[in-house]
Amino acid sequence: MAFVQELFAAVLLVLGALLLLIAAIGVVRMPDVFLRMSAVSKASSLGASLMLFAVAVALPDLSAAVRAVAAILFLFLTAPVASHLIGRAAYRRGVPRWRGMVVDDFAAYEQQRVRSISLPGAHQAEELGAQPGGWSGVQPPKESDSLSLS
Amino acid sequence: MIAPLVLWLVMPLLAVSIALAFVRLARGPSLPDRVVALDLLSTIGVGLIAAYVVFTGEVAYLDVALLVTLIAFLGTVALASYLEWR
Chain P
1 MAFVQELFAA VLLVLGALLL LIAAIGVVRM PDVFLRMSAV SKASSLGASL
51 MLFAVAVALP DLSAAVRAVA AILFLFLTAP VASHLIGRAA YRRGVPRWRG
101 MVVDDFAAYE QQRVRSISLP GAHQAEELGA QPGGWSGVQP PKESDSLSLS
Chain G
1 MIAPLVLWLV MPLLAVSIAL AFVRLARGPS LPDRVVALDL LSTIGVGLIA
51 AYVVFTGEVA YLDVALLVTL IAFLGTVALA SYLEWR
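Residue numbers (my numbering), protein chains in the order written: chain P, 1 to 150; chain G, 1 to 86.
No lab work stands behind these hints, which were simulated from the structure alone.
Worth double-checking, as some hints may not be accurate.
Said to hold, decoys possible - Label pairs and their in silico Cβ distance ranges:
(1) G/Arg27 / P/Arg99: 16 to 22 Å
(2) P/Arg88 / G/Ala19: 26 to 32 Å
(3) G/Ser30 / P/Pro80: 18 to 24 Å
(4) G/Pro4 / P/Gln111: 26 to 32 Å
Note that CB positions come from ideal geometry on N, CA and C, so glycine has one too.
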């Protein structure tokens, strides 16, 4: 039983270290901030979680296992949030993109957001009887779009 | 069986990963690249602490791993909001 436990822990440790190495290679080799981030956020969180799970398997201590599982849960909760924030900040700063990038679903949303910022008081003007869409073809933003800021 | 494996295979793999992340941290053309590399460095640190716990059986380092995860998340969020609003 102890042998099986140790073997399982060894396999988990080596797999986790290899995934962290893959994440590091990806962060060096990928051509773009977003591709680098996609390599890092998935592979590195899974690698570190596998190594912490190896701790929970290898040690006979229950409190160590509980702490390792808590660390895994925290890692899985925080890694997507952190990479989402970095990606949004990088997009809004306009960092250079890889020229093979073909799909940009965020661009329409960003355009709408910029319009809703650059036209303050559009709602009040519409309530006072102005023509909607009378500012050189720019539609006033809907309520739901301007609320989703920050 | 597991101690020499950690010493001769897992630790060198993590050391190479740290060196590669430092390459991106030094070279990164833009600031978000460096933030991504810092995030990866802290995650590799968590893995290193986990390997060391398996190597020595010292349970107290797991609290350090938990804290490193927390502080890396806070630092990444702070840097991202700084990048966005400056």
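The hints, checked one at a time:
Between G/Arg27 and P/Arg99 the beta carbon distance is about 20 Å. The supplied range of 16 to 22 Å therefore holds. About 29 Å separates the C-beta atoms of P/Arg88 and G/Ala19, a value consistent with the hinted range of 26 to 32 Å. Roughly 22 Å separates the CB atoms of G/Ser30 and P/Pro80, a value that falls within the hinted 18 to 24 Å. For G/Pro4 and P/Gln111, the hinted distance range of 26 to 32 Å is not satisfied, since their beta carbons lie about 58 Å from each other.
Hint compliance for this structure: hint 4 is the single one not met.
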